[in-house]
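Trainee: Sequence:
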Amino acid sequence: MTKQSVVVPEVAMPTPPNSAPIFPYPPPRAAPGVAAVRNKYDYLQAQMDLGAAGGRINGWVESMRASSPTHAKAAAALAAEDHAAWMVKHPSALSKFDQIVAASKGKQIVMFLDYDGTLSPIVDDPDAAYMSDTMRRAVRSVAKHFPTAIVSGRCRDKVFDFVKLAELYYAGSHGMDIKGPAKASRHTKAKPKRVLFQPASEFLPMIQQVHESLIEKTKCIPGAKVENNKFCVSVHFRCVDEKSWSTLADMVKSVLKDYPKLKLTQGRMVFEVRPTIKWDKGKALEFLLESLGFADCSDVLPVYIGDDRTDEDAFKVLRKRGQGIGILVSKYPKDTTASYSLQEPAEVMEFLLRLVEWKRLSKARPKW
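In numbering that gives the first Met the number 0, the protein residues as written are 0 to 367.
Hints are computed from structural coordinates only; laboratory data are not their basis. These figures come from a predicted structure and were not determined experimentally. Glycine residues also receive a C-beta, built at the ideal position from the N, C-alpha and C atoms. Take the hints with a grain of salt, since some may be wrong.
[Said to hold, decoys possible] Listed next, with one range per pair, are the computed distances between beta-carbon atoms:
#1 201 - 124: 53 to 59 Å
#2 84 - 205: 43 to 49 Å
#3 211 - 100: 44 to 50 Å
#4 87 - 205: 20 to 26 Å
#5 256 - 82: 39 to 45 Å
#6 256 - 100: 23 to 29 Å
#7 102 - 205: 40 to 46 Å
[Unchecked claim] List time: in silico BS3-like cross-link candidates among lysine-lysine, alpha-carbon distance up to 25 Å:
#8 216 - 182
#9 216 - 277
#10 106 - 315
#11 182 - 218
#12 157 - 277
#13 260 - 216
#14 157 - 256
#15 104 - 262
#16 252 - 242
Build out the structure end to end from the sequences listed, making use of the hints.
Mentor: This is how it looks when you write it as structure tokens:
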């Protein structure tokens with residue numbers, strides 16, 4: 000792995016006076032029905048192979064349909080039957096908070112956070128997925144106590160523009176573009192060093208070509224949005240009429256047939272075009288732990304919070320390590336390797352605030 004030195008520009012953010020309340024607590028909850036339904040049925044359907052031809056496109060259309068907000072009521076009805084049993088397997092990280100922090104005794108917590116659907120709400124326009132100021136202050140407070148990384152499918156520069164916190168680690172493009180802060184975290188074991196890692200650099204020209212082709216190819220589909228995330232291309236269909244989904248899926252596949260080194264996966268109302276290299280959010284988590292000096296340590300507790308299928312790669316790594324805590328953000332039951340759950344970004348913020356308060360109180364306790 001090649002690591003190069005870089006400097007992340009500091010971004011000044013105003014900090015409220017100490018005398019003023021920083022956070023509303025508990026944080027406000029989203030209105031019912033705001034988020035798109037995520038359940039185990041859409042997850043299973045999405046495992047179909049995009050490389051196959053013909054009828055397999057129909058399978059992807061069914062997967063697109065299952066994750067659509069227009070089918071929320073039907074999906075919710077199905078999910079309700081399994082919700083109680085699912086919550087037994089994946090209890091709320093808030094209700095089990097004491098159990099989670101007890102597992103961190105004698106260990107350094109390292110935080111990994113997805114962005115869309117975790118720190119910000121899912122919205123129709125991906126360019127408008129802004130995180131709240133209170134969420135930003137919560138993440139900043141977490142980073143004061145624990146090494147913290149944002150791991151997103153977004154372009155790294157774009158997610159940095161949303162978060163605006165220079166003290167974090169950022170892993171964009173599903174972990175294929177990793178950059179550390181200019182000033183290393185004081186909570187690391189490794190010798191302070193600046194981090195830059197881009198394992199898919201050779202694919203950049205190819206990704207650019209596909210991005211341009213997809214823009215041209217899909218411009219006739221109202222509502223389709225093609226986003227260049229540097230090492231991957233996202234085709235959003237949240238605002239596309241359902242009658243056009245099959246056509247859109249076919250168009251994307253037709254572009255990719257000339258690029259065997261790229262693969263197509265599906266996320267939350269989005270197609271993702273990515274390099275075929277064996278790199279994902281799980282690999283990014285392992286790389287960051289290594290960079291922080293925690294590669295083969297027993298005194299570290301990685302905590303990963305995410306809402307998307309791509310976050311499952313990180314959950315699986317934690318499960319395989321037998322070390323760490325995966326927390327899925329979802330209102331509805333779905334197949335997951337995560338151990339705990341939170342319903343929405345408001346609960347994520349509540350969890351982060353409780354973690355900060357727990358750390359503050361634990362430092363204040365006298366050591367006998």
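Trainee: Does each hint hold? Answer for all of them.
Mentor: Hint check results:
1. 201 - 124: 53 to 59 Å: Once the Cβ atoms are compared, 32 Å apart, the range 53 to 59 Å for residue 124 and residue 201 is violated.
2. 84 - 205: 43 to 49 Å: For residue 84 and residue 205 the Cβ distance comes to about 45 Å; the hint holds.
3. 211 - 100: 44 to 50 Å: Holds, since residue 211 and residue 100 (Cβ atoms, about 49 Å apart) stay within the stated range.
4. 87 - 205: 20 to 26 Å: At roughly 46 Å between Cβ atoms, residue 205 and residue 87 fall outside 20 to 26 Å, so the hint is violated.
5. 256 - 82: 39 to 45 Å: Given about 41 Å between the Cβ atoms, the range holds.
6. 256 - 100: 23 to 29 Å: 50 Å, violated
7. 102 - 205: 40 to 46 Å: 43 Å, holds
8. 216 - 182: 43 Å, violated
9. 216 - 277: Not OK: residue 216 and residue 277 at ~28 Å, beyond 25 Å, violated.
10. 106 - 315: 21 Å, holds
11. 182 - 218: 43 Å, violated
12. 157 - 277: OK: residue 157 and residue 277 at ~23 Å, within 25 Å.
13. 260 - 216: 20 Å, holds
14. 157 - 256: 28 Å, violated
15. 104 - 262: 42 Å, violated
16. 252 - 242: Holds, because 17 Å separates the two Cα atoms, which is no more than 25 Å.
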